[in-house]
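S.K.: Dock chains G and U against the given chain B, drawing on the hints supplied.
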Amino acid sequence: MNAAEPNVLVKASHLSVRYGAKAAVDDVSFTIPKGRIVGLLGHNGAGKTTLMKAMVGLTQGEGELSVLGFQPRPQRAQLLEQACYIPDVAILPRWARVEDLISLMSGIHPRFSAERARSLLRRTSVGLRDKVKTLSKGMVVQAHLALVAAIDAKLMILDEPTLGLDVLSRKAFYEMLIDEWCDGERSVLISTHQVEEIESLLSDVLMLNEGKLVLSISLEDMEKRFVGVSHDAAVAEQIAAAHPLLRYRTGAGPSGNAAIFDGAPPEHVQALGQRIRPSLVDLFVALTRKPELDRTHF
Amino acid sequence: MNKLLPLLRREWLQYRFGWALMVAVPLAITLLLLAFGEIQIGADDAARVGDKMPALLAVASMAGSAAVLFIIASFSSIIIVAGMARRDHSDRSIEFWLSLPATHSASLAAPLIVHLLLVPAAALLAGMAGGVLVSMVLLTRVVGFAEWFTLPWFDLMPAVLALAARLLAGLPLAILWLSPLIMLVVLLSAWFRSWSWVILGVGIGVGSQLLNRVFGQPLLSDVTLGLLMQARSALVHGGESLALQSTAGGEALGQVPTWALHDLGLALRELPSPLLAGGLLFAAGCFYLLVLWRERGAGAAG
Amino acid sequence: MQTWDDRQPIYQQLADMLAAQLLDGDPLEGAAMPSVRALAGRYLLNPLTVNRALKALGDEGLLENRRGLGLFVMAGARERLRAAERNRFLHSEWPRLRERLRRLGISAQQLNWEER
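Chains as they are written, first to last, in our numbering: chain B, 1085 to 1382; chain G, 143 to 444; chain U, 3 to 118.
One thing to keep in mind: the hints can contain errors.
[Stated by the list, open to error] Subject to a maximum C-alpha distance of 20 Å in a straight line, what follows is the list of computed DMTMM-like cross-link-like pairs (lysine to aspartate or glutamate):
#1 B:Lys1118 - B:Glu1304
#2 B:Lys1118 - B:Asp1236
#3 B:Lys1217 - B:Asp1184
#4 B:Lys1238 - B:Glu1264
#5 B:Lys1118 - B:Asp1263
#6 B:Lys1296 - B:Glu1148
#7 B:Lys1095 - B:Glu1269
#8 B:Lys1217 - B:Asp1172
#9 U:Lys57 - B:Asp1305
#10 G:Lys145 - B:Asp1184
#11 U:Lys57 - B:Glu1307
#12 B:Lys1118 - B:Glu1264
#13 B:Lys1215 - B:Asp1184
#14 G:Lys145 - B:Glu1183
#15 U:Lys57 - B:Asp1267
#16 B:Lys1215 - G:Glu153
#17 U:Lys57 - U:Asp18
#18 B:Lys1221 - B:Asp1172
#19 U:Lys57 - U:Asp28
#20 U:Lys57 - B:Glu1304
#21 B:Lys1255 - B:Glu1244
#22 B:Lys1255 - B:Glu1281
#23 B:Lys1308 - U:Asp7
#24 B:Lys1296 - B:Asp1110
#25 B:Lys1238 - B:Asp1263
#26 B:Lys1221 - G:Asp233
#27 G:Lys145 - B:Glu1269
#28 B:Lys1217 - G:Glu437
#29 B:Lys1217 - B:Glu1183
#30 B:Lys1238 - B:Asp1214
#31 B:Lys1308 - U:Asp8
#32 B:Lys1215 - G:Glu437
#33 G:Lys145 - G:Glu437
#34 B:Lys1217 - G:Asp233
Calculated directly from the structure, the hints in this document are not laboratory data.
One chain only, chain B, in its complex shape (with noise of 0.2 Å):
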């Protein structure tokens, strides 16, 4: 643990990671505290599976970055004992019985209990002697789900763990989460396509966009920096006057408009409409949106 800053779990400064002369990863700063679930959002390409490699030592990178009080890409073995990683899809060996990748976890994994991997299954629809290979794509995902969960790591990093689940068991992974995880004391990192329905778990959010960090706050910071006015199409040239972030449609008929501003706009401006509170999601499209999509958006 960083002596400094004993509640920050991860700390980059002007993080970069480059493949050539791309930057996957441009110049990001930001830190991670202890006790929080952080969402990791950025279209496909934008750098959030680089960033997550990086922390965990997979990939190199130029400028600083702490995790848990390593170096990731040195200490990369230390550092995965306290804490887990689950790359993109279900990638769990296939010729493996659960019980095979229990008993390799046991030993590989100092903080892995076996006992509490195995009635974390019990809630799924895995047995212990399935081979994965017979295993559907979600019970995959959910046997890799609950073998990490069993470790007793002080930071998760997921990228995209819902990918393939239903709608039943992404619910019961966000329970989950929520029961195991959230202690006040460890902190999730997780990037996840399904913007809507994770919102409600955050309480912070990366942006990243073409390898920048568009945005790196908490969301009770968010609700009061980002302002949303719901409109009638009346006013929508006065609205469009106050430069918003986005403008977009919240539903059918004329009075269905809404506008995000970044700070609260002038008060005349409010007055035109009703305040609402902006969505990750369409926070997400505003500061992600290539430039020419804006007139198609509206």
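M.R.: Leaving out everything else, chains G and U in the frame of chain B:
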């Protein structure tokens, strides 16, 4: 390196079924052939060894079974090791392994240790044990069950154990000699998968021919042949002397332990040599490159 | 899964939901509130959000923190809530409703007060 043990266990969990078949099937076939097939022993040979024949047959069964399983296991191991670098790529589980807190060198060393050393050794011992069964069937068919039952096992076992011990001791030495070739194949397989064997074979074959004929530089062929010969010697240095003794008569059995010890000594004496030192250095270099390759993501996507 | 509207911050919506339940007597006055974790799991919310909601209820005097035991519903919370609801109705909802009735031309006698 306390992570090494669970990684060794991974090999067991992944291949135990195949290994069981690898041991059981040849033994089963041998037993069936012996039980129901034709067995011919030349009259001259029989006369020469006389009443020592049952003992020799017993020893031959055990040694033979051990040798056969040893060779089969070595082949399968070399095939597995050759594909090692890309092993977990087809089901993408390489990303799973990379997400575990095991060092790259431990993850690479574990399969090498298991497949190159532990598996052939275990196959050897399994062959010996199975060979007891083989000897029973063989002797029963040739001279009758009673003869097998009344064999002087106490006198036979030293010879058998000595042979096994010689091979077991020679195995790590042989691996040391072959290490540059093996590590080169593993390194090549990181990019060329199963073509690595072909590339190595063609590369050395064509390369050495080219160097010999065109440049008059026999280094490559000399080195390769030297390594291969030394590896064979590490296992059995002076096979001819043993053969000579066995034709002389049954007393040979008693000489086997001494021969084994002497032979091992000869093999050990070959070790301090520039050829081995260079080979080990080269192998270490290949291993280091593999660690670097795995560090860079082992060629996994993303 | 619970959907939250875009009118108010989520913590406020949760606070309102919990207040409505309090009004119905769930939980009763003097009884313990469900733990933050239980609520977080029930509504699939971050515990920090649940904390904010509970704090909001505490600020309104509906909940009290008993050291070491957790949050409990204060005595008189239901009455306080009902009073606040009554107030809100009388001062914002009722005038609108009365305006609407006038526009429709419905008189007080036409309102069927006795019907359940």
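S.K.: Provide an ascending list of the numbers of those earlier hints which the structure does not satisfy.
M.R.: Numbers 27, 28, 30 and 32, in rising order.
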